[in-house]
Each structure stands twice: as C-alpha cells, then as structure tokens.
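J.: Can you build the whole structure from these sequences, using the hints too?
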Amino acid sequence: MSGFDKVVTSYEEAMAGLQDGMTVIAGGFGLCGIPEGLIAQIKRMGTRQLTVVSNNCGVDGFGLGVLLEDKQIKKMVSSYVGENALFEKQLLNGELEVELTPQGTLAEKMRAGGAGIPAFFTATGYGTPVGDGKEVREFNGRPYILEEAITGDFAIVKAWKADRYGNCVYRHTAQNFNPMAATAGKITVVEVEEIVEPGELDPSQIHTPGIYVNRVIRGTFEKRIERLHVREEA
Amino acid sequence: MSGFDKVVTSYEEAMAGLQDGMTVIAGGFGLCGIPEGLIAQIKRMGTRQLTVVSNNCGVDGFGLGVLLEDKQIKKMVSSYVGENALFEKQLLNGELEVELTPQGTLAEKMRAGGAGIPAFFTATGYGTPVGDGKEVREFNGRPYILEEAITGDFAIVKAWKADRYGNCVYRHTAQNFNPMAATAGKITVVEVEEIVEPGELDPSQIHTPGIYVNRVIRGTFEKRIERLHVREEA
Amino acid sequence: MALTREQIAQRVAREFKDGDYVNLGIGIPTLAANYVPDGISVMLQSENGLLGMGPYPTEAQVDADMINAGKETVTAITGSSIFSSAESFAMIRGGHVDITVLGAFEVDQHGNIASWMIPGKLVKGMGGAMDLVAGAKNIIVTMTHADKYGNSKLLPECTLPLTGVNCITRIITDLAVLEIRDGAFYLAEHAPGVSIEEIKKKTAGKLIVPEHVPEMLF
Amino acid sequence: MALTREQIAQRVAREFKDGDYVNLGIGIPTLAANYVPDGISVMLQSENGLLGMGPYPTEAQVDADMINAGKETVTAITGSSIFSSAESFAMIRGGHVDITVLGAFEVDQHGNIASWMIPGKLVKGMGGAMDLVAGAKNIIVTMTHADKYGNSKLLPECTLPLTGVNCITRIITDLAVLEIRDGAFYLAEHAPGVSIEEIKKKTAGKLIVPEHVPEMLF
Chain A
1 MSGFDKVVTS YEEAMAGLQD GMTVIAGGFG LCGIPEGLIA QIKRMGTRQL
51 TVVSNNCGVD GFGLGVLLED KQIKKMVSSY VGENALFEKQ LLNGELEVEL
101 TPQGTLAEKM RAGGAGIPAF FTATGYGTPV GDGKEVREFN GRPYILEEAI
151 TGDFAIVKAW KADRYGNCVY RHTAQNFNPM AATAGKITVV EVEEIVEPGE
201 LDPSQIHTPG IYVNRVIRGT FEKRIERLHV REEA
Chain B
1 MSGFDKVVTS YEEAMAGLQD GMTVIAGGFG LCGIPEGLIA QIKRMGTRQL
51 TVVSNNCGVD GFGLGVLLED KQIKKMVSSY VGENALFEKQ LLNGELEVEL
101 TPQGTLAEKM RAGGAGIPAF FTATGYGTPV GDGKEVREFN GRPYILEEAI
151 TGDFAIVKAW KADRYGNCVY RHTAQNFNPM AATAGKITVV EVEEIVEPGE
201 LDPSQIHTPG IYVNRVIRGT FEKRIERLHV REEA
Chain C
1 MALTREQIAQ RVAREFKDGD YVNLGIGIPT LAANYVPDGI SVMLQSENGL
51 LGMGPYPTEA QVDADMINAG KETVTAITGS SIFSSAESFA MIRGGHVDIT
101 VLGAFEVDQH GNIASWMIPG KLVKGMGGAM DLVAGAKNII VTMTHADKYG
151 NSKLLPECTL PLTGVNCITR IITDLAVLEI RDGAFYLAEH APGVSIEEIK
201 KKTAGKLIVP EHVPEMLF
Chain D
1 MALTREQIAQ RVAREFKDGD YVNLGIGIPT LAANYVPDGI SVMLQSENGL
51 LGMGPYPTEA QVDADMINAG KETVTAITGS SIFSSAESFA MIRGGHVDIT
101 VLGAFEVDQH GNIASWMIPG KLVKGMGGAM DLVAGAKNII VTMTHADKYG
151 NSKLLPECTL PLTGVNCITR IITDLAVLEI RDGAFYLAEH APGVSIEEIK
201 KKTAGKLIVP EHVPEMLF
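Residue numbers (the numbering used here), protein chains in the order written: chain A, 1 to 234; chain B, 1 to 234; chain C, 1 to 218; chain D, 1 to 218.
By construction, these hints were calculated from the structure, which means they are not laboratory data. Incorrect hints may have been included.
Here are the simulated lysine-lysine pairs, DSSO-like style, with alpha carbons at most 27 angstroms apart [unchecked claim]:
1) B/Lys-134 to D/Lys-121
2) A/Lys-89 to C/Lys-124
3) C/Lys-148 to C/Lys-121
4) D/Lys-124 to B/Lys-71
5) C/Lys-148 to C/Lys-201
6) B/Lys-223 to B/Lys-74
7) B/Lys-186 to C/Lys-137
8) C/Lys-121 to A/Lys-134
9) C/Lys-124 to A/Lys-71
10) C/Lys-121 to A/Lys-74
11) A/Lys-186 to D/Lys-17
12) A/Lys-161 to A/Lys-186
13) A/Lys-75 to C/Lys-124
14) D/Lys-121 to B/Lys-71
15) B/Lys-43 to D/Lys-124
16) D/Lys-137 to B/Lys-134
17) A/Lys-223 to C/Lys-124
18) D/Lys-121 to B/Lys-74
Just so you have them, the derived chain B footprint on chain C, three or more residues with Cβ under 8 angstroms [stated by the list, open to error]:
19) 11 to 23
20) 43 to 53
21) 72 to 84
22) 89 to 99
Short derived list, chain D residues pointing at chain B, Cβ under 10 angstroms [what the hints assert, rightly or not]:
23) Thr-58
24) Gln-61
25) Asn-68
26) Asp-131
27) Thr-163
C-beta atoms are modelled at their ideal positions from N, C-alpha and C, and glycine is treated no differently.
T.: Given below as structure tokens:
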C-alpha cells in the first residue's frame, strides 16, 4: 500500500508547491489546534500575497500572527480577528484585507467546498452587513441568504494522531475547524502529534478519512494557551 | 441531570405522538442498521398515510417492508426501492408513490434539514429526470441544481450504543444514514443495542450528540442479512 | 435599584428549564451558569465544538486542547460530546439549542439586535453571534437598559449594523425584563426598587406596560 | 474475439494507478478488484460508508453490520475508515474519489450516460450512480459494445433518461477501449481478434479511428 503512505519527513516536503497568491485554509480556533510547524514553514518560505481562510489570525508572535510580520498575508477570511496589534495596524494601513464571515457560515463554507456543494442557503447574516449583495430567498416563509463554498490551494490541518494512510483523529476541542479544512484543500497537509500504523485507529472512529489527506508530518507543538482561566480547588 | 435522561422503556412511549399523515425519516441502508423494533411499533400502531424517507424500503416481511402489508405508507422518498414484490405491486397499482432521490442527495437533504440549511446546489442529477423542474445555476462554469432540505415529524434511528443523554455511536457500516436521520426529526427516537451510563463513551468519539435525540430505547435485533456473500477460506 | 451583573445573571438563570441546551455568550450570560436553580439541569453548548461544558479547570486539569468559545481553558462534564465547528453550527443553525443568551449594544422593538460592529471603531468580527441569533429557538439579550450617558439601548429601530433580524424573544436588563410582542417591548417585570417611570424614560422604543407589572424576586 | 467479463475487468484494472481511491459498481466493475496489477495498490470506496473495502468475509467473519453498497456482506482492510452516508457522498461529490467504474445501458459521444431507467419498465432507482458520475474525477463505463440484437450502445445521443451529463471519460467494452474526445468516441484500443470494421459497425456515435489502434494485451 505504498501509494497510500502520506508521511513526509521534512517541512519543505510538507509545504512543497505553495506559491505566492495562493489560498490557504487553516484549521484551528484561536491558538487551539493549529498546525504550528506548517505555519512556521510558510513563514520560512516567505510566500506572499496569501489569502488565508481561518476562524482567527493568531496573536502577536504566535499562530497565524507570525505571517503578518513579513506581510505575507494579503487577505484574511475569518469570523473574529484583531487579537494582535500588528493585525490591527496592517488592517488600518490598508495592507491587509479582511472578509468577516460568521463562524458557522465559515465552517459550512469549508465543508461545502470539500463536499462539492458550490453554494447553500442560510438564515445567518440575513438583514445584516453580511447579507449585503447576496441573493435572498424565502423558504417556508423565512428569508435566507445564499453563501458560496470555499476551497483552497492548500489546507493546513492539525490533528492528534494520523496513520500512514492519512486517517486522522483530533483531541478534545482542538478538533474545531480542522476536519472541514482537511476536506477543502487541493493539497491537504496534516501536522500531527503522533503517527501510528494503519489499523491502530478504530475505523469507525476516524474523524478525517485519509482520502482527504495528501501529506502527513509529525510535529512538535508548543500549544500556547490564549486565555488561561483556572478555578480554585474546591 | 434528570432532564437529560432520554431513556424510555416501552415502544409505546418511544413512538408516542406518531400520527396519520406524518413524515418519518428512517436510518438504515438495505437491512443494515435499521431500527427494527421502532418499525414493528409503527406496524402495531397502524399509523397510515405515512411519508417515509429512507434510502430503501426493506424486503417482503422485514424492515420497512412490513409497513406495506397494511398499506401504511403513502409515499417513499428513496434512492433505491423495489427489492420486494409487495412494493412493486403497490407502486404499479398507484397505491404507493415514490420520489426517487440520488443517494448522496438524499443524505445531504437530511443533513441540511437537521443543520438549518433549507437548500443547496449540487451537480448530481443535472440534465437527468431528477433535475426536471429544479433551478439550474452555474458556478465556475459548471451547472448545478437546487435541492431542498428534508425534515421529518419523527426520525427513527438505529445505533449501537447510546448513553442516557442520547449520545450515540454506530457500529461499522450500520452507521450509514442514521446520523443524518437523527438530526432531521422533530422527534428523534433511537433504538440501541446497549444503553450505557454518561461518561462511558469517549466525548470526542460520539457520532450523534445527544442534543439531537429525544428518546432512547433498548431493542433486540434480528439483523437479517440481505445478501450473504462468503468466500472460501484460503 | 438597578440590578448588579450578578443579579442579571441570576434572573437569566430562571429562564432555564430542566433539560435545556443552552449557549451562553461572554460576560453576564456566562455568569448565569452559576445560578441555575435547584432541581434544574442545563447542558452548556460552546460553539467551538463542545456540548456539556463544565467549570473552569483546576491548575491540574488545564489542557490547551480543551477551551471554550471565549478561548478560555475549560472542562467538560461527564456525558459531554465534542465535535467539529461544522457539527456545532449544524446544531445551532438547525434549531437544536434551546436558549442562547448574549449581550448587545442595542435591540429594537422588532426583535432586531446589534451587537458586533460600531462604525468607525475597529471591527473584530461577529464570531458565532450571527449564527446563534439565526438559529436558537429562544434568544435572550442581557445588557444595561441605557448607556453611561443615559441613552436608551431599547430602540424603535437599531442604529448600528445588525447581528440578526426579528430574532430576539426577551431582554433582561438591569432595570427590567421585557418581551418582544407585536413590534413593541412588553414590560414583563421590573427590578426591585426601579419605578415604571424610570423604565419608561429609558426605553426609547415602543413600550407596552400592562396594568400589573410584577417585581423581580431575589 | 469479444472479451469475456473477466477480460473486461482485467482491462479496467489497468486503469488504476498506485494510490488511487476507486469506487466500483456492481457486476464487471467489482470484478476488476481481482486484477489489480502487481505493485499497484488501490483503496476501494463503498458508497454506503466504507473506505478500504476488503474481500468477502469467510463464514466466521460474516457480520450483518458490515456490508457494501450492493448490500453484500464484506470485510474492511487494515487502515480502513467507516463513516456516514453524508460523509461518503461528500467524498464522492467533492471529487476526492479518483476513479469510478460503472455499467451502463447506453453512453453517447458527449460523455453522457444512461444507466438507471428504462421507461415502461419498473424503475428501482438510481442509488448512488448519479452522485458518482457527478463527482468522481475519472468515470469509466464498462458494458458490451452492442445489445443482444447487435444494436450499438455507443450512440450519438442517449435515448434513455440520463444518469449524468458530459461526465464519462472512458468506455471499456468487450470490443474496445474508447475515450470521449471533442464530442466523439476516440478508439484507443481494440480487443484481440476484433476488427476495426466490427467496432465501426457497432458504434453508432461518431467514431474517431486513429491511424494506429493498438491491440489490448492480455
């Protein structure tokens, strides 16, 4: 089954083919479940004019935020941004464009992109600035807006474990946008904490079937916590 | 957490509220992963004029096929039917109506119904009788047709295990349409092989979160095999 | 006297019914989880993909892979489920979450809500708020009745860009509980020691005041 | 000599590249799994929700919960994954399956296929065929070149209701391998002992015959 062995051993191989102007879909929610090493590789490569589709854009110096330092990002498609000063600055400068998309619509657009659904209707955003210029249609007396799918040249995904065939499982809420991102890239690269042999993951319990995955690389993760909130022991 | 205990102990309770003329979405593929006891209960109740949304309609004397015996089904929405003589007879008689829907479109219609997506575009069926009368639109130069969501008054689902909160897991390919059906019923009833306590299922490995489920009942299953195909031992 | 944040949260919690699935926004809504009445259980949905959110973790329980929609470290209760963002919003958009409680800048008598964008200020985004107000069965807004200059936040028409249209069912402020009924704010309860006159004065939208307005009990 | 079913299946299997995800329809396409060339691995997708379909089970392995899209008992290979029908068709519709092989009643020179409905006969349904032909990157049709009365099944225009439009890439019949090119059937190979004349005679649609037509090797 060598044709199905998706494992690569260098970040160069993992992100080979990424070019200026491409669209990259990234999994993660805040700093949780982000492909840290793949982001670092994009920074090393210096690829520019990227459109990045991700719920957030990291923080100053961590996560996708590092791609702002050398102005590698042209446009963000996100639901919530600006946790970082640099982001704010580039946005106000006009160096960075942002397309704000409701969180659920963003997730669904990625899923639709991966699933061959070019567009779908949703009530989310109707009557708001998000609905401006979009087709409105009533179903059962309620107005909905038409939203189009998103696909990317690359998808960068963080999983907990993957087997050599690219079957992935995610850990806790580090799942978030990763499974949808994985389906929506022309080339999907998954960075994982652990690579296992085929058969070690229960077939009925795989979050992302390997068919969506082109490359798997083992990474090491800092897993920085964005908002540590601890309660006193009872 | 008594408000979240979905377990009922009788089939009467499980299907309480089902009335003539309602729409029932049923999980299962052929005879695999079907809620046998819930179907039997519908037969006992004698509810009529039902619209049943299910990939198939069972066989003579088993699965949804038993609901044909007393002409309880008015209309089937399915991708493949007629494995049973009675079905064929009622169809030719005009006693039974069939809306043939491509298998993937059927699955997506159920998912959309549960997910608050009233309609979506798909290439499936464009230029075929399935596309007749449906809106056609091009995206990126390819024509797609608009398909609408399906929801049901009831969804009847077969799972392997569920906990008291209604969190479900499916076994092997008995998963099939069950997770989507579970999301698309106003009242979703799940018949399971085993009821477990909350916490026994891994939270990250639940196929159907309990929020979709109204009632859980433990059943016993014949699990009839539709097409036994065995190979010789090597 | 105007209610404290804790009192608003306490009043919000009385909206919960046993068995409700509830999504709580950041701020006062989150506090409501501390005041769920005895004999009532609710399950908290966090839109980043967690149903059955528990309390904040102890030092020992902290796990970077377990956060809530506010990106805070959190725990999960026994019997929780964890899933993708698409599944999470399928749940929300599909109307499976019983109650959403969230803050707002403004609401209006048509049930519109503005909560995410102030023109001229940096816009950080709507996050999941537009999906939540479009999806949940019962949308409750918590906020102060008026801004710090005394200007009403309950308006005839929202002036800020909207988060959702014709969607909110109830507003719980520091002064009152109001329902949206037939294009007006219906005064359902007043806070202890707050006069109907004060509520009238601070409600710019159309207000219906029934003959008897019960006082909130604490 | 016209190819046998096994020979057609054998020829189909040569279309597979190492690492291909393949969906095989009922009948001859399924047989192709037995002829995957040495050094090549493919992973079989079964649209009821199984990626990595294995051989039929032994008596001891039979499990009613493990079936294929033809509702037959089946096994799963090491490293398989099992999922819902929605996920399965997301995979198919989204173009992630490399090759689909299926039978047909008719095809035409525009790449249209008719495979599910004969007016006047009982229609059982399209199952997953319409999704498969709308989704996979490479759609190969296997069938006899002509019906039992000698009528061509490779037509200028399909006469039966369609399964999909402008979607098939290749036809492998008992007489030939043909590609759809610019609104015509391009003759890519002929079966051993089958003359170009016979293929011409049995191809009703526009046929392009290049100067040299290789013979299939067995």
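J.: Each of the hints needs a verdict: does it hold here or not?
T.: Now for the hints, and whether the structure bears them out:
no.	hint	verdict
1	B/Lys-134 to D/Lys-121	25 angstroms, holds
2	A/Lys-89 to C/Lys-124	13 angstroms, holds
3	C/Lys-148 to C/Lys-121	18 angstroms, holds
4	D/Lys-124 to B/Lys-71	19 angstroms, holds
5	C/Lys-148 to C/Lys-201	15 angstroms, holds
6	B/Lys-223 to B/Lys-74	26 angstroms, holds
7	B/Lys-186 to C/Lys-137	13 angstroms, holds
8	C/Lys-121 to A/Lys-134	25 angstroms, holds
9	C/Lys-124 to A/Lys-71	19 angstroms, holds
10	C/Lys-121 to A/Lys-74	21 angstroms, holds
11	A/Lys-186 to D/Lys-17	19 angstroms, holds
12	A/Lys-161 to A/Lys-186	21 angstroms, holds
13	A/Lys-75 to C/Lys-124	15 angstroms, holds
14	D/Lys-121 to B/Lys-71	23 angstroms, holds
15	B/Lys-43 to D/Lys-124	24 angstroms, holds
16	D/Lys-137 to B/Lys-134	25 angstroms, holds
17	A/Lys-223 to C/Lys-124	23 angstroms, holds
18	D/Lys-121 to B/Lys-74	21 angstroms, holds
19	11 to 23	holds (count 5)
20	43 to 53	holds (count 4)
21	72 to 84	holds (count 7)
22	89 to 99	holds (count 9)
23	Thr-58	5 angstroms, holds
24	Gln-61	8 angstroms, holds
25	Asn-68	8 angstroms, holds
26	Asp-131	3 angstroms, holds
27	Thr-163	6 angstroms, holds
In terms of the numbered hints stated before, the structure departs from none.
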